[in-house]
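A.B. asks: Single-letter residue listing:
2 protein chains.
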Amino acid sequence: MTRVGILLMNLGGPERIKDVGPFLYNLFSDPEIIRIPIPFFQKPLAWLISTLRSSRSQQAYQSIGGGSPLRRITEQQARELQSELRQRGVNATSYVAMRYWHPFTESAVSDIKADGINQVVVLPLYPQFSISTSGSSFRELRRLREADPQFRKLPIRCIRSWFNNEGYIASMAKLIEDEILLCNDPENAHIFFTAHGVPKSYVEEAGDPYKDEIEDCSILIIDQLEKALGYINPYTLSYQSRVGPEEWLQPYTEDVLAELGESGTKELVVVPISFVSEHIETLQEIDIEYKEIAKEHGIDNFRRVRALDTYPMFIKGLADLVTSCLEGPEISLDEASKLPDRVKLYPQEKWQWGWNNSAEVWNGRVAMFVFIICLLELVIGNGPLHYLGLL
Amino acid sequence: MTRVGILLMNLGGPERIKDVGPFLYNLFSDPEIIRIPIPFFQKPLAWLISTLRSSRSQQAYQSIGGGSPLRRITEQQARELQSELRQRGVNATSYVAMRYWHPFTESAVSDIKADGINQVVVLPLYPQFSISTSGSSFRELRRLREADPQFRKLPIRCIRSWFNNEGYIASMAKLIEDEILLCNDPENAHIFFTAHGVPKSYVEEAGDPYKDEIEDCSILIIDQLEKALGYINPYTLSYQSRVGPEEWLQPYTEDVLAELGESGTKELVVVPISFVSEHIETLQEIDIEYKEIAKEHGIDNFRRVRALDTYPMFIKGLADLVTSCLEGPEISLDEASKLPDRVKLYPQEKWQWGWNNSAEVWNGRVAMFVFIICLLELVIGNGPLHYLGLL
Numbered sequence: 003m004t005r006v007g008i009l010l011m012n013l014g015g016p017e018r019i020k021d022v023g024p025f026l027y028n029l030f031s032d033p034e035i036i037r038i039p040i041p042f043f044q045k046p047l048a049w050l051i052s053t054l055r056s057s058r059s060q061q062a063y064q065s066i067g068g069g070s071p072l073r074r075i076t077e078q079q080a081r082e083l084q085s086e087l088r089q090r091g092v093n094a095t096s097y098v099a100m101r102y103w104h105p106f107t108e109s110a111v112s113d114i115k116a117d118g119i120n121q122v123v124v125l126p127l128y129p130q131f132s133i134s135t136s137g138s139s140f141r142e143l144r145r146l147r148e149a150d151p152q153f154r155k156l157p158i159r160c161i162r163s164w165f166n167n168e169g170y171i172a173s174m175a176k177l178i179e180d181e182i183l184l185c186n187d188p189e190n191a192h193i194f195f196t197a198h199g200v201p202k203s204y205v206e207e208a209g210d211p212y213k214d215e216i217e218d219c220s221i222l223i224i225d226q227l228e229k230a231l232g233y234i235n236p237y238t239l240s241y242q243s244r245v246g247p248e249e250w251l252q253p254y255t256e257d258v259l260a261e262l263g264e265s266g267t268k269e270l271v272v273v274p275i276s277f278v279s280e281h282i283e284t285l286q287e288i289d290i291e292y293k294e295i296a297k298e299h300g301i302d303n304f305r306r307v308r309a310l311d312t313y314p315m316f317i318k319g320l321a322d323l324v325t326s327c328l329e330g331p332e333i334s335l336d337e338a339s340k341l342p343d344r345v346k347l348y349p350q351e352k353w354q355w356g357w358n359n360s361a362e363v364w365n366g367r368v369a370m371f372v373f374i375i376c377l378l379e380l381v382i383g384n385g386p387l388h389y390l391g392l393l
Numbered sequence: 003m004t005r006v007g008i009l010l011m012n013l014g015g016p017e018r019i020k021d022v023g024p025f026l027y028n029l030f031s032d033p034e035i036i037r038i039p040i041p042f043f044q045k046p047l048a049w050l051i052s053t054l055r056s057s058r059s060q061q062a063y064q065s066i067g068g069g070s071p072l073r074r075i076t077e078q079q080a081r082e083l084q085s086e087l088r089q090r091g092v093n094a095t096s097y098v099a100m101r102y103w104h105p106f107t108e109s110a111v112s113d114i115k116a117d118g119i120n121q122v123v124v125l126p127l128y129p130q131f132s133i134s135t136s137g138s139s140f141r142e143l144r145r146l147r148e149a150d151p152q153f154r155k156l157p158i159r160c161i162r163s164w165f166n167n168e169g170y171i172a173s174m175a176k177l178i179e180d181e182i183l184l185c186n187d188p189e190n191a192h193i194f195f196t197a198h199g200v201p202k203s204y205v206e207e208a209g210d211p212y213k214d215e216i217e218d219c220s221i222l223i224i225d226q227l228e229k230a231l232g233y234i235n236p237y238t239l240s241y242q243s244r245v246g247p248e249e250w251l252q253p254y255t256e257d258v259l260a261e262l263g264e265s266g267t268k269e270l271v272v273v274p275i276s277f278v279s280e281h282i283e284t285l286q287e288i289d290i291e292y293k294e295i296a297k298e299h300g301i302d303n304f305r306r307v308r309a310l311d312t313y314p315m316f317i318k319g320l321a322d323l324v325t326s327c328l329e330g331p332e333i334s335l336d337e338a339s340k341l342p343d344r345v346k347l348y349p350q351e352k353w354q355w356g357w358n359n360s361a362e363v364w365n366g367r368v369a370m371f372v373f374i375i376c377l378l379e380l381v382i383g384n385g386p387l388h389y390l391g392l393l
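So the protein sequences, as listed, match chains A and D. The opening residue of the first sequence carries number 3 in my numbering; numbering runs sequentially from there. The opening residue of the second sequence carries number 3 in my numbering; numbering runs sequentially from there.
In short, the hints are calculated from the structure, not lab data. Bear in mind that the values here come from a model prediction, so they are computed numbers and not experimental data. Hints are not guaranteed to be accurate.
The list cannot tell twin chains apart, which means a pair is met if one copy fits it or any two copies do.
[Stated by the list, open to error] Here are the simulated lysine-lysine pairs, DSSO-like style, with alpha carbons at most 27 Å apart:
#1 Lys340 to Lys202
#2 Lys318 to Lys229
#3 Lys20 to Lys155
#4 Lys115 to Lys20
Bound conformation, chain A alone:
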């Protein structure tokens, strides 16, 4: 009997306050998260950003209990999905592969090999595809596969995105409905979809399908809701969690909250549409920061729809995805990790160096130092490059 390994991919999150800095460093070291034209500066920049953001980020994690619950919830999802599939007669075992924190993809791959799995199904826990989320995880997995002859022999089928999965849409609609019915004036409660943002250039220049999939997804949910409720609530879609000076997908969540409040919205049902598990963006950003902004602008009833976590209908939807993937046409890892032609990413492998995080940080510091020296020289018109006659 085929032993199927389900590889659940997610972002990962620091579980201890002291892991926040290294986690951010891993995150910003990924050229799929921050795209800069000179690969040499990726790690110094990652060091700089993670250092600058670390203290604020630590406070955020402190406010939700001292760490991210993402590993725990993802492992619960993995267990529930495994049980559901076994009940359906699929000899499945689930594995968790995080992109930026433990358990890393390497651990999952070593478990899959040790367990004698003979068919892998890769299921990113991002309903909508983005270069920076599922894309980055698929590419990471491909790198590991290319480097490992034993792993290369294992057949792999991928699920690229699944924003239109029935169980997912139905679960989202049901949880939103529950919150709407708790409002004082259900028919006029405003449904407020908030998705994790990405830089606008990802979508407009690089051809990331993320925005389209988020929009299609919200319409599917609204349609399903209308069927259940018999009326259409007003709704808005916005993008949260912007980092850095670049323009991200608009409208921004904080702006829309202010506008809605000022135009008289009193009851808001907030739907974290791109997240299937509770984590820092739901528990801290939405529940604390955005809620405060909403209150300031007169939105009295701010109801956040809980993340799906191990909601049974959602787990059934995931199981449907796996069984369809096993029966349907094969999507290979190469296809799944393929980026639109327009995307230029600088291969990390070629310029990775250092033996561990701290060595990398050292390298980063040296590079940053040289960078600043050069910048200073350009500004003040004198320095080592002038001395050498190079400027």
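Since the structure of chain A is provided, determine the placement of chain D on it from the hints.
C.D. replies: Here is chain D on its own, set in the frame of chain A:
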């Protein structure tokens, strides 16, 4: 029904080559591993040792496939133990808590709290107690418990050591017997127990019961073997894995191998007595390094007894430990983590600083730099302290 959480504690190991340095740093930062009189220098020293040893250690991990299998094997043990206990009617869930690498104890504690466990049983995966292994893990758990009001409310029972557990002794004897019977001259095959060493001062000054428990354990195994085979093989006990200049428990494994070879021993059945899972000390140190030494000294048949891993009789032994622990007299975490009166450990909590590993490494470097400057000043008789009139 009581929901029992079984907390399996072990050392942890790096799963990727780039994690070797940070893992060693965590290991040597523990005052229970390296005891120095001035706590301030613990982290600089940890940095120094981990940096010096990192390259050799990376090579060792590379030679066993690029990482430690300890997390994977420990999670397998956890699953098997959970199944065995559930078959016996105990509503048990297993959790893995590693001391120096992921998944850290914090993760296990957060899972235990989330799962609504109402009785915890702590089972260190070290059959024999040592200050530096089980002791360190118990103390780490106690630190977390003291800092967490919710966790503090949970009843905890501890298993301190279990070198005389029936299932463990029987499994060890059975696996040794299998190897003996594969020798050309079974009755004269030499049984070679090799335990992980500890500094001699731990035992002689600090009162660590480790050596006594290792010796008692080897006698129990030999007795059991004699019953099965009907004859007594010659046997020796030695200690491996020494680090640093200090004297460790003697005799050292490499010395005994040389002596045995020179006195004509041809067939050796090597028993890793303090390890219940395959890891770097069995797969690399014994299987590669010590095997080479043995061959050099004329020991032709070097047979290493496999580690117990998920050997069913061993898992049953662990399950017996848990059920006895639940029924028997309670050993609290305070009792389990108590050290002999003679041990002076400098509480890490008081002087911990820095926001993450790399910040700590920086701190370490600065401290090391100051330390070297002061040392130089003492040697050459001039420097900043003389300048300030302090010397």
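A.B. asks: Please go over all the hints and tell whether each is borne out by the structure.
C.D. replies: Structure-based check of all given hints:
1. For the identical chains of this complex, Lys340 and Lys202 are intra-copy neighbours only, at 20 Å inside a copy versus 58 Å across copies, given an alpha-carbon limit of 27 Å.
2. In this homomeric assembly, Lys318 and Lys229 come within 27 Å of each other (Cα to Cα) only inside a single copy, at 21 Å, whereas the closest approach across copies is 55 Å.
3. In this homomeric assembly, Lys20 and Lys155 come within 27 Å of each other (Cα to Cα) only across copies, at 25 Å, whereas the closest approach inside a single copy is 38 Å.
4. Taking the shortest Cα distances, Lys115 and Lys20 sit within 27 Å of each other only across copies (21 Å), while inside one copy they are farther apart (32 Å).
Checked against the numbered hints given earlier, this structure breaks none of them.
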